[in-house]
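Visitor: Now for the letters of each chain:
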Amino acid sequence: MWSFYFSQLTDSIPFFLKGLWMTFKISGISLVLGTVLGFCVGIARASKVKPLRYILYVYVDFMRGTPYLVQIFIVFFILPEWGIQLAAFPAAIFSLTLYAGAYICEIVAGGIEAVDAGQTEAAMATGLNRFQRMRYVVMPQAMRTILPPLVGQYVLLIKDSSIVSVIGLTDITRVGWLTVQRIPEGIMVFGLVGILYFSICYPLILLSNWFERRLRAQGG
Amino acid sequence: MIRFEKVNKWFGKHHVLQDIDFHVAAGDVAVICGPSGSGKSTLIRCINRLEPIQSGDIVVDGMSLTDRKTNITRLRAEVGFVFQQFNLYPHMTALENVILAPLKVRKMNRNEADELGRELLEKVGIQEKALAYPAQLSGGQQQRVAIARGLAMRPKIMLFDEPTSALDPEMINEVLDVMRKLAFEGMTMAVVTHEMGFAREVANNMVFMDEGKIIETGDPEQFYTHPENERTRLFLSKILSH
Numbered sequence: 001m002w003s004f005y006f007s008q009l010t011d012s013i014p015f016f017l018k019g020l021w022m023t024f025k026i027s028g029i030s031l032v033l034g035t036v037l038g039f040c041v042g043i044a045r046a047s048k049v050k051p052l053r054y055i056l057y058v059y060v061d062f063m064r065g066t067p068y069l070v071q072i073f074i075v076f077f078i079l080p081e082w083g084i085q086l087a088a089f090p091a092a093i094f095s096l097t098l099y100a101g102a103y104i105c106e107i108v109a110g111g112i113e114a115v116d117a118g119q120t121e122a123a124m125a126t127g128l129n130r131f132q133r134m135r136y137v138v139m140p141q142a143m144r145t146i147l148p149p150l151v152g153q154y155v156l157l158i159k160d161s162s163i164v165s166v167i168g169l170t171d172i173t174r175v176g177w178l179t180v181q182r183i184p185e186g187i188m189v190f191g192l193v194g195i196l197y198f199s200i201c202y203p204l205i206l207l208s209n210w211f212e213r214r215l216r217a218q219g220g
Numbered sequence: 001m002i003r004f005e006k007v008n009k010w011f012g013k014h015h016v017l018q019d020i021d022f023h024v025a026a027g028d029v030a031v032i033c034g035p036s037g038s039g040k041s042t043l044i045r046c047i048n049r050l051e052p053i054q055s056g057d058i059v060v061d062g063m064s065l066t067d068r069k070t071n072i073t074r075l076r077a078e079v080g081f082v083f084q085q086f087n088l089y090p091h092m093t094a095l096e097n098v099i100l101a102p103l104k105v106r107k108m109n110r111n112e113a114d115e116l117g118r119e120l121l122e123k124v125g126i127q128e129k130a131l132a133y134p135a136q137l138s139g140g141q142q143q144r145v146a147i148a149r150g151l152a153m154r155p156k157i158m159l160f161d162e163p164t165s166a167l168d169p170e171m172i173n174e175v176l177d178v179m180r181k182l183a184f185e186g187m188t189m190a191v192v193t194h195e196m197g198f199a200r201e202v203a204n205n206m207v208f209m210d211e212g213k214i215i216e217t218g219d220p221e222q223f224y225t226h227p228e229n230e231r232t233r234l235f236l237s238k239i240l241s242h
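Protein sequences, first through last, are from chains Z and W. When we follow my numbering, the leftmost residue of the first sequence carries the number 1, and every step to the right adds one. When we follow my numbering, the leftmost residue of the second sequence carries the number 1, and every step to the right adds one.
Just chain Z, with the same shape it has in the complex (with noise of 0.2 Å):
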C-alpha cells in the first residue's frame, strides 16, 4: 500500500514543484518589496521628526502585535467591504510585505542606532550632509549588525508564507492538503512539504550563521 502511494507521490511531483514555484514567487516578491519598505521606515525612524517616528511606531507595533493569518484576512476579506478588492496574488504580496517591513524596520533601525554616535558626529563635522552621512558613514557600518537577523528574518517570512494558502493560493502548504485527499498518507505529503520548505530556508540559514561569525569576528 505504501509503495502505491509513493508511486502515486512522485507522480504528483510536478503539482508540488508548481507549488515550490508559488511559494517562491510569493515570499521572493515581498522579501524584496518588504526589505526596500523596511529600510526606508527604519532610516526614517531613525530620524528626528516626532510626528513620522509615531506615526512609523503604530504601524510597527500593529503589524508586530497581530498574527499574521489575521492580517491576511483583513486585507483579502475586510478590505473589500470598503471597496479595496484585491485578487488572491497581489494581497499576499501586499500583506506579506507589510509584515516583513515591520520587522525589518526594527532590524534596520536596530542597526542604525548600534553605531556610535560619534560616527556621524565626525561626519557631520567634515559637511557631509543628512544622505551622505547615511550611505557613506553610518549604513556600511549597520549593515554589518543587519545581516544576520535580516536572513533570518527571511527565513520567518518564507515559513509565514504557508498562511497565503488560506486565500486560495495554492503554494507548497496548499499542494500538501490537496495532495493529501487523494494520498491519504499525511507523514509522507506533508514530509515531502517539509522536505521542500528546509531546501529553501537551510541555505539560509547557513548564510545567516555565517554573517553572524564574521560579525563575531570582527569583534561585533
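Just so you know, the hints here were simulated from the structure itself, not pulled from any lab data. Every residue gets a Cβ at the ideal spot worked out from N, C-alpha and C, and that includes glycine. Each hint should be verified, as a subset may be incorrect.
[Said to hold, decoys possible] Heads up, simulated DSS-like pairs for lysine-lysine below, C-alpha to C-alpha not over 27 Å straight-line:
id	chain 1	residue 1	chain 2	residue 2
1	W	LYS69	W	LYS123
2	Z	LYS48	W	LYS69
3	W	LYS213	W	LYS13
4	W	LYS69	Z	LYS50
5	W	LYS104	Z	LYS48
6	W	LYS104	W	LYS123
7	Z	LYS48	W	LYS123
8	Z	LYS159	Z	LYS18
9	W	LYS238	W	LYS213
10	W	LYS156	W	LYS123
11	Z	LYS50	W	LYS13
12	W	LYS213	W	LYS181
13	W	LYS181	W	LYS156
14	Z	LYS25	Z	LYS159
15	W	LYS123	W	LYS181
[What the hints assert, rightly or not] Looking from chain Z toward chain W, a few residues come up when the C-beta cut is under 8 Å (computed):
id	residue
16	GLU121
17	GLY127
18	MET139
19	PRO140
Could you slot chain W onto chain Z? The hints should help.
Guide: Leaving out everything else, chain W in the frame of chain Z:
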C-alpha cells in the same frame, strides 16, 4: 574669526554654558582648560553646532550660527574638528577617511582627492599607512589621520576636543607635534587640552572655565605665572604638579 556673544546653553536643567563671551582672532590659537564638567568640550562643540545653543550668538568666519540663512553644512566644511576618541570610519582606509568629504562634498575627482589625501597624510607623518584600516593603527596614528581628515576640506579654523586624552603617554607628542606645526603655519585654532607645555608654547590666548563660566582669560605667560583667580590657581597647581 570665532566670536561668542552672551551664549547660554542648558542640558535639561543643567546650565552648562553661562553668558559666555569669547573671541578667537584669525591666526590665533586659543587653549581652553578647566576641570571636567566645566563645559569646555560643550563650548567647542557649539562652534560647528554639534551642540545647539539656547540663547546668544556665535559668529564663525562672518556667519552667524543663529541666522536661519546660514548654511550650516557649508559652515562645517570651513571648520575642521578633531575628537577625543578619533571617530575614524572603521570601514575605510586612512586615505579614504581623509578624502571622503572632499569627494562627496567638494565633488573632487578621485585622482585629485587621492593626491590631496596623500599630501595631508604626509603632512601628519603617516603617508606609509595610507591603505591601513583604523584598527591596524596605534592611537597616535589614528589621531593623526583624524587631523588629516579635519584638514581635508581646507578649513579656516581647526577645533580640537581633548585630542590627546585618549592616548597612551608615549603617543601624545607625535600628535602635539602635528598641532604645533599647524599653529606655526598660522591656522586659527581652538584647543581643549590639559597639555600645558603645548599651551605655553603655541597659545596666544588661555581660557580657564569652571562650572559653565569663563573664569579667566589671558596670555599664557601671565596665566601661568600670575593667575588672578583663586580657582585658576588651584586648578593649575593640581595639573602642573604631575
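Visitor: Does each hint fit the structure? Answer for all of them.
Guide: Evaluation of the provided hints:
The hinted pair formed by LYS69 of chain W and LYS123 of chain W fails the criterion: a straight-line CA distance of about 35 Å is larger than 27 Å. Straight-line distance between C-alpha atoms of LYS48 of chain Z and LYS69 of chain W comes to about 21 Å, which keeps the hinted pair within the 27 Å bound. Proximity of LYS213 of chain W to LYS13 of chain W is assessed by CA-CA distance (about 16 Å); at most 27 Å being required, the pair is judged to hold. A hinted pair counts as satisfied when its Cα atoms are at most 27 Å apart, and LYS69 of chain W with LYS50 of chain Z qualifies at roughly 24 Å.
For the proposed pair LYS104 of chain W and LYS48 of chain Z, the alpha carbon gap of about 23 Å is at most 27 Å, so the pair holds. Between LYS104 of chain W and LYS123 of chain W the alpha-carbon distance is near 22 Å, which keeps this suggested pair within the 27 Å criterion. A C-alpha spacing of about 39 Å is found between LYS48 of chain Z and LYS123 of chain W, which places the hinted pair above 27 Å, so the restraint is violated. Distance restraint check for LYS159 of chain Z and LYS18 of chain Z: the Cα-Cα separation of roughly 17 Å lies within the 27 Å cut-off, and the hinted pair is therefore satisfied.
At most 27 Å may separate the alpha-carbon atoms for a hinted pair to count; LYS238 of chain W and LYS213 of chain W meet this at roughly 19 Å. In summary, the hint linking LYS156 of chain W to LYS123 of chain W is supported, as the alpha carbons are separated by about 17 Å, within the 27 Å threshold. Only pairs whose Cα atoms come within 27 Å are accepted, and LYS50 of chain Z paired with LYS13 of chain W is accepted, the gap being roughly 22 Å. Distance check on the hinted pair: LYS213 of chain W and LYS181 of chain W sit about 30 Å apart at the alpha-carbon level, beyond 27 Å; violated.
Of the supplied pair hints, the one linking LYS181 of chain W and LYS156 of chain W holds, its CA atoms being roughly 15 Å apart against a limit of 27 Å. For the given pair, LYS25 of chain Z sits about 13 Å from LYS159 of chain Z by alpha-carbon distance, which is consistent with the 27 Å threshold. The hinted pair formed by LYS123 of chain W and LYS181 of chain W meets the criterion: a straight-line CA distance of about 9 Å does not exceed 27 Å. A least Cβ separation of about 6 Å between GLU121 of chain Z and chain W falls short of the 8 Å threshold, and the interface hint therefore holds.
Annotation: GLY127 of chain Z was flagged as interfacial toward chain W, and the flag holds, the nearest CB pair being 3 Å apart, inside 8 Å. The interface hint given for MET139 of chain Z is broken, as the beta carbon of that residue sits about 10 Å from the closest beta carbon of chain W, more than 8 Å. Evaluation of the PRO140 of chain Z hint against chain W yields a held restraint, the C-beta minimum of about 5 Å falling below 8 Å.
Of the numbered hints listed earlier, those contradicted by the structure are 1, 7, 12 and 18.
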